[in-house]
Amino acid sequence: MSCDAVVAIASTATGLAAATGTPVVGQLEPALAADLSRPLRALVSFILVLVSGAVILQLRRGSVDDAIDAISDSPATAVVYGIAGYVILAIVGLYGATTLAGLSVASGILVRIVILIGSAFVLGLTSFGFLVVGTLLNDVFGNRRPSRGLLIGATLSAVTWLLFPPAGSIASSLAIAAFGIGGSVRVWIHSERTVETEVDAR
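Numbers 1 to 202, taken from my numbering, label the letters of the sequence shown in order.
Since the hints were made in silico from the structure, they are not lab data. Please note that the accuracy of each hint is not assured.
[As the list claims (entries may be wrong)] Cβ pair distances, simulated, as ranges:
| # | residue 1 | residue 2 | range |
| --- | --- | --- | --- |
| 1 | F164 | V55 | 23 to 29 angstroms |
| 2 | A175 | S63 | 16 to 22 angstroms |
| 3 | F141 | I109 | 44 to 50 angstroms |
Ideal Cβ placement from N, Cα and C applies to all residues, glycine included.
Construct the complete structure from the given sequences, taking the supplied hints into account.
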């Protein structure tokens with residue numbers, strides 16, 4: 001993916017977020033930032049990453065090894081591709097929400113459903129990122145054990161919420177998770193472009 005493509009994706013996401021993001025953030029901010037203390041936010045983050053990561057390990061354990069191998073091929077670009085993955089997901093979610101908002105009287109319910117589904121995808125993606133980073137750290141200092149890596153990743157996610165205010169915690173969590181998913185996103189993006197190139201050639 002070229003730099004121009006990443007910039008174009010980011011610009012589109014910013015435009016869509018301007019239309020729908022403010023009300024959502026306004027509803028979530030009091031619950032997440034004001035009502036919960038740092039230790040409680042850290043505990044919630046630890047549990048969410050641990051549970052989501054355990055589900056991922058049960059369903060797609062091999063994906064962890066693939067993600068680590070993909071990061072090893074190009075570690076310097078992992079964060080950039082990981083952020084691109086989040087941006088693509090944001091574009092799809094926001095586009096779906098804004099489209100449904102203008103379709104029917106029940107659009108409010110449909111938008112909430114889309115937001116819930118999108119939140120589940122973000123949680124799964126972020127948990128996978130922490131799982132991969134935790135497993136990678138475990139691999140560096142010992143044998144590669146994804147189950148132990150999950151515990152390390154969940155602890156790492158809790159630490160970010162314990163040390164920083166909400167904005168800093170979100171930024172640091174996304175950066176760590178982006179590194180974890182970056183290799184897989186890079187492989188997916190380039191494999192999609194390869195398929196498109198072969199189709200165009202025919």
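*asked:* For each hint given before, does the structure comply? Return the numbers of the non-compliant ones in rising order.
replied: The structure breaks none of the hints.
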